[in-house]
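Kindly produce the complete structure, drawing on both the sequences and the hints.
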Amino acid sequence: MKMFHKTPLAWRQLLKKRTRLLVAVAGITFADILIFIQMGFEGALFDAAIQPHRSLQADLILINPQFQTLFSVKSFSRERLYQALGYDGVQSVNSLYIGTGQWRNPETRLERAILVWGIDPAKSAFKFPEVQHNLDQIKQLNQVLFDQAGRPEYGVVGEIFQKEGSFNTELNNKAISVKGTFSNGASFAADGNVITSDSTFLQIFPERKPDRIEVGLITLKPDANLELVQSQLIAELPKDVKVLTPEEFAQIEKEYWANSTAIGFIFSLGVGVGFIVGIVIVYQILYSDVSDHLPEYATLKAMGYTDYYLLIVLMQEALLLAVLGFIPSFLLSLSLYQLAYISTMLPIFMNIERAITVFVLTIIMCSVSGAIAMRKLRSADPADIF
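Here the sequence shown stands for residues 1 to 386, where the numbers follow UniProt numbering.
Since the hints were made in silico from the structure, they are not lab data.
We put the CB at the ideal spot given by N, CA and C, even for glycine.
Among the clues, some could well be false.
Said to hold, decoys possible - Restraint-style ranges between C-beta atoms, simulated for each label pair: (1) Q91 x V368: 29 to 39 Å; (2) D136 x V273: 48 to 58 Å; (3) L336 x I356: 14 to 24 Å; (4) P152 x Y87: 38 to 48 Å; (5) P129 x T357: 43 to 53 Å; (6) H133 x Y341: 25 to 35 Å; (7) R18 x S260: 25 to 35 Å; (8) I276 x D136: 55 to 65 Å; (9) A371 x K17: 54 to 64 Å; (10) I276 x G304: 31 to 41 Å.
As the list claims (entries may be wrong) - List time: in silico PhoX-like cross-link candidates among lysine-lysine, alpha-carbon distance up to 20 Å: (11) K221 x K127; (12) K74 x K242; (13) K254 x K74; (14) K242 x K254; (15) K74 x K239; (16) K174 x K123; (17) K139 x K123; (18) K239 x K123; (19) K74 x K174; (20) K163 x K174; (21) K254 x K209.
Written out as structure tokens, the structure is:
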């Protein structure tokens, strides 16, 4: 409790020159906002990238071992899925085709890449309630379900569909009709998504072979042991497929964007730059404060106060600056996140974990600055004031 009894001295030190205090708070706020924005976009990148993986209706997933990302997915033989159906504990199997098509905005006539999912309309492949309720709508050829949370450049599909009950356009130069909508959202790999039947998919992508699929979905019996069935499939199926849980499938996508692209590195670098900028700003403020009050600190030493006491005062100043700088940065970041979401349609939202992380980084940032500025404080010699 003694530490808190010294707080008024640190607070009075900061308030003595309020312009300097405001500059320090503004600098820390700027550094924190930079960190918040970089972490927010990085989190949105990962969340958007793995949203489809976590929405699959399956207990286990079959993929090509060379799979890295949905943006460039590898296929494998459908025969592996039928082989998996013969194992104890497996209740049913399903398949997915995945391809990147060219969606035409009927108003602007401009084409834009969109991720196309081909499913068996007789089985549920996704957990999206809107998809499950509209499977009958895509049983006929050239009918699709559109991701209304995608980029607006695809056109006002949702609005027109709500008014007219249909939306006609072209996909890969094939006439198609939107018969329903769902909400998945844009990602760095795809600005939007379309779900259609496997028959329509093969018409849109005529070069694709029906017996080559991109994802196999395995549903287990209610009493089946997931780990046991997975280990059996891994051990006995040919090595041209990989057996994963949906979360393991999602982690492959996440690791690709984090480690195999420049995007993940850039966001991490941005967090580091913001941290360093904050250290420099706080150090400059504390160093100037110590320099201005060097005679007073020397007097305190002459009165018997130790360097440890003065260090505590300086660290309290640093912590006060950390709190004062974090609060406005948190509030401003909430507004910037909302603006970024509206502009990019990426799922960029504040969460408790990120707020705590940035607050801890701010405290570390200010503490490091205070520790560096302490070197100047140690040079306060009582003999200098006489």
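Against the structure, the hints come out as follows:
1. The hint said 29 to 39 Å for the Cβ distance between Q91 and V368, and at roughly 56 Å that hint is violated.
2. Separation of D136 from V273 is about 53 Å and conforms to the stated range, judged on CB atoms against 48 to 58 Å.
3. For the pair L336 and I356, the supplied restraint of 14 to 24 Å holds, since their beta-carbon distance comes to about 19 Å.
4. Checking the proposed 38 to 48 Å range against P152 and Y87 shows it holds: the Cβ atoms sit about 46 Å from each other.
5. At roughly 33 Å, the beta-carbon separation of P129 and T357 lies outside the given 43 to 53 Å, and the hint is violated.
6. Taking the beta carbon of each, H133 and Y341 are about 26 Å apart, inside 25 to 35 Å as hinted.
7. The supplied range of 25 to 35 Å is broken by R18 and S260, whose beta-carbon atoms lie about 49 Å from each other.
8. For I276 and D136, the Cβ-Cβ distance of about 57 Å falls inside the hinted range of 55 to 65 Å, so the restraint holds.
9. Hint check: A371 to K17, Cβ distance near 22 Å, so the stated range 54 to 64 Å is violated.
10. A C-beta distance of roughly 38 Å is found between I276 and G304, which places it inside the suggested range of 31 to 41 Å.
11. A threshold of 20 Å between alpha carbons decides the hint, and for K221 with K127 the separation of about 18 Å falls inside it, so the pair holds.
12. Proposed proximity of K74 and K242 is supported: the alpha carbons are some 12 Å apart, at most 20 Å.
13. Distance hint between K254 and K74 is fulfilled; the C-alpha atoms sit about 17 Å from each other, no more than 20 Å.
14. Pair hint K242 plus K254 holds up; C-alpha atoms about 17 Å apart against a cutoff of 20 Å.
15. With a CA separation close to 14 Å, the supplied pair K74 and K239 stays within the 20 Å bound.
16. Between K174 and K123 the alpha-carbon distance is near 25 Å, which puts this suggested pair outside the 20 Å criterion.
17. With a CA separation close to 11 Å, the supplied pair K139 and K123 stays within the 20 Å bound.
18. In summary, the hint linking K239 to K123 is not supported, as the alpha carbons are separated by about 27 Å, beyond the 20 Å threshold.
19. With a C-alpha separation of about 24 Å, the suggested pairing of K74 with K174 is violated against the 20 Å cut-off.
20. The straight-line distance between the Cα atoms of K163 and K174 is roughly 24 Å, outside the 20 Å bound, and the hint therefore fails.
21. Distance restraint check for K254 and K209: the Cα-Cα separation of roughly 28 Å exceeds the 20 Å cut-off, and the hinted pair is therefore not satisfied.
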